[in-house]
Amino acid sequence: MERTVVDSPVDGSGVYAALDLGTNNCRLLIACPANGSFRVIDSFSRIVRLGEGISSTGRISEAAIERAIAALIVCRDKMRARKAGRLRLIATEACRAASNSEDFRSRVAAATGIELEVIDRETEAALAVVGCSPLIHPKARGAILFDIGGGSTELVRIERDREGGEPHTRAWMSIPIGVVTLAERFGGHDVTPQSYTAMIEEVTANLGAFAAEHGFNLYGMHLLGTSGTVTTLGGLHLGLARYDRRKVDGIWMNDIEITQAIARLCGMDYQKRVANGCIGVERADLVLAGCAILDAIRRAFPLPRLRVADRGLREGMLVEMMREDGVIQLN
1 MERTVVDSPV
11 DGSGVYAALD
21 LGTNNCRLLI
31 ACPANGSFRV
41 IDSFSRIVRL
51 GEGISSTGRI
61 SEAAIERAIA
71 ALIVCRDKMR
81 ARKAGRLRLI
91 ATEACRAASN
101 SEDFRSRVAA
111 ATGIELEVID
121 RETEAALAVV
131 GCSPLIHPKA
141 RGAILFDIGG
151 GSTELVRIER
161 DREGGEPHTR
171 AWMSIPIGVV
181 TLAERFGGHD
191 VTPQSYTAMI
201 EEVTANLGAF
211 AAEHGFNLYG
221 MHLLGTSGTV
231 TTLGGLHLGL
241 ARYDRRKVDG
251 IWMNDIEITQ
261 AIARLCGMDY
271 QKRVANGCIG
281 VERADLVLAG
291 CAILDAIRRA
301 FPLPRLRVAD
311 RGLREGMLVE
321 MMREDGVIQL
331 N
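Going by the numbering used here, 49 is the number at position 49 of the sequence shown; the sequence numbering is gapless.
None of these hints come from the bench; they were simulated from the model. Heads up, a few of these hints could be off.
[Stated by the list, open to error] Here are the computed distance ranges between Cβ atoms for each label pair:
(1) A263 / Q329: 43 to 49 Å
(2) P302 / K139: 31 to 37 Å
(3) A263 / G187: 18 to 24 Å
(4) G208 / C266: 21 to 27 Å
(5) P134 / R170: 14 to 20 Å
(6) E115 / Q329: 28 to 34 Å
(7) A263 / N35: 37 to 43 Å
(8) R80 / A263: 42 to 48 Å
(9) A171 / K139: 44 to 50 Å
(10) R80 / N217: 48 to 54 Å
(11) Y219 / A81: 48 to 54 Å
[To be verified] 30 Å max Cα-Cα, derived DSS-like pairs, lysine-lysine:
(12) K78 / K272
(13) K247 / K272
(14) K247 / K139
As the structure is a prediction and not an experimental result, all values here were calculated from the model. Beta carbons: idealized from backbone N, C-alpha and C, even for Gly.
Please model the entire structure based on the sequences and the hints provided.
See below:
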């Protein structure tokens, strides 16, 4: 999911970089402040499956370490080439969960010079809010934001005090279930209606307390989703032969359209998922686990519309750094 690259400033000043090493993906965004927001000058995204096997072994595997380091070398070279001076380089659930996380980060630092910051789940949820809140409908009272990751899923109830006001976090939660952990537990290649239902029920049980407390009074709100799951569904809904972020980010899907897209995915066998240009071999064994998580969220928060966000933690980090430096202003 590469973004359009434009020329960076000649002197390299004011260049920011945000790196997110997740359980499944390694993503980098490099940008400069522009017109009260930022302008992307370079990006990178690669599926590295850092969390592969952690749910059973408790450790990051040697193969996953090598994949992550190879991706991080590309990120380091891009940051150097763009002369990025202000950096935030984070890692999430895989590094929170693995017993050899400290050793992994030491190896990364030795091989790449990148010092990874392992953030907690509350910080992860907060960054997702900052990165995605511009997509809350301007007339909406708020949104239920969800971020389906590889090793965890965050949900945030965001509300405005008044129409047009700044959205604020009212409540949040995180569960240690993501597409990688769920697919490893229930199987991702061959998903039966029974195993799909079992995945939904697993997630539903973990959402129960939060939904009981915060799944009411939803009038004037909508779902806001950021993950490979929802962007894949968006691409399928639009009938794209190949995924295109510019066409997917910000689109709306109603409840029927979501159900139809998920049913279409559930009707594909593994090889058909591999052959689909919006899925591919890297997501083919994970996407139905993501759909099961989304179906559990829809069950807990039955809202009529979903806005799809191909943005999240990296955008949140960029905005926070630029606000801290006073180069963009809080709305």
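Next pair to validate is K78 with K272; report whether the Cα-Cα distance is within 30 Å. Distance ~34 Å between K78 and K272 Cα, so the pair is violated.
CB of Y219 to CB of A81, is that within 48 to 54 Å? holds, 49 Å
Check the hint pairing K247 with K272 against an upper bound of 30 Å on the C-alpha distance. Roughly 23 Å separates the two Cα atoms, so the pair holds.
Satisfaction of the hinted span 43 to 49 Å by the C-beta atoms belonging to A263 and Q329: holds, 44 Å
Given the hint of 28 to 34 Å, check if E115 and Q329 actually sit that far apart at their C-beta atoms. holds, 29 Å
R80 versus N217 beta-carbon gap, inside 48 to 54 Å or not: holds, 50 Å
Taking the beta carbons of R80 and A263, is their distance inside 42 to 48 Å? About 46 Å separates the Cβ atoms of R80 and A263, which means 42 to 48 Å holds.
Per the hint of 18 to 24 Å, is the separation of the Cβ atoms of A263 and G187 within bounds? Once the Cβ atoms are compared, 19 Å apart, the range 18 to 24 Å for G187 and A263 holds.
Is the hinted range of 44 to 50 Å satisfied by the C-beta distance from A171 to K139? Since A171 and K139 have Cβ atoms about 22 Å apart, the given range 44 to 50 Å is violated.
For K247 and K139, compute the direct alpha-carbon distance and say whether it is at most 30 Å. holds, 23 Å
For the hint 37 to 43 Å, verify it against the beta carbon of A263 and that of N35. Distance hint for A263, N35 holds at roughly 41 Å.
Could you check the hint for me, namely that P302 and K139 are 31 to 37 Å apart, CB to CB? At 20 Å between Cβs, range violated.
Of the hints listed earlier, those the structure fails to meet are numbers 2, 9 and 12, in rising order.
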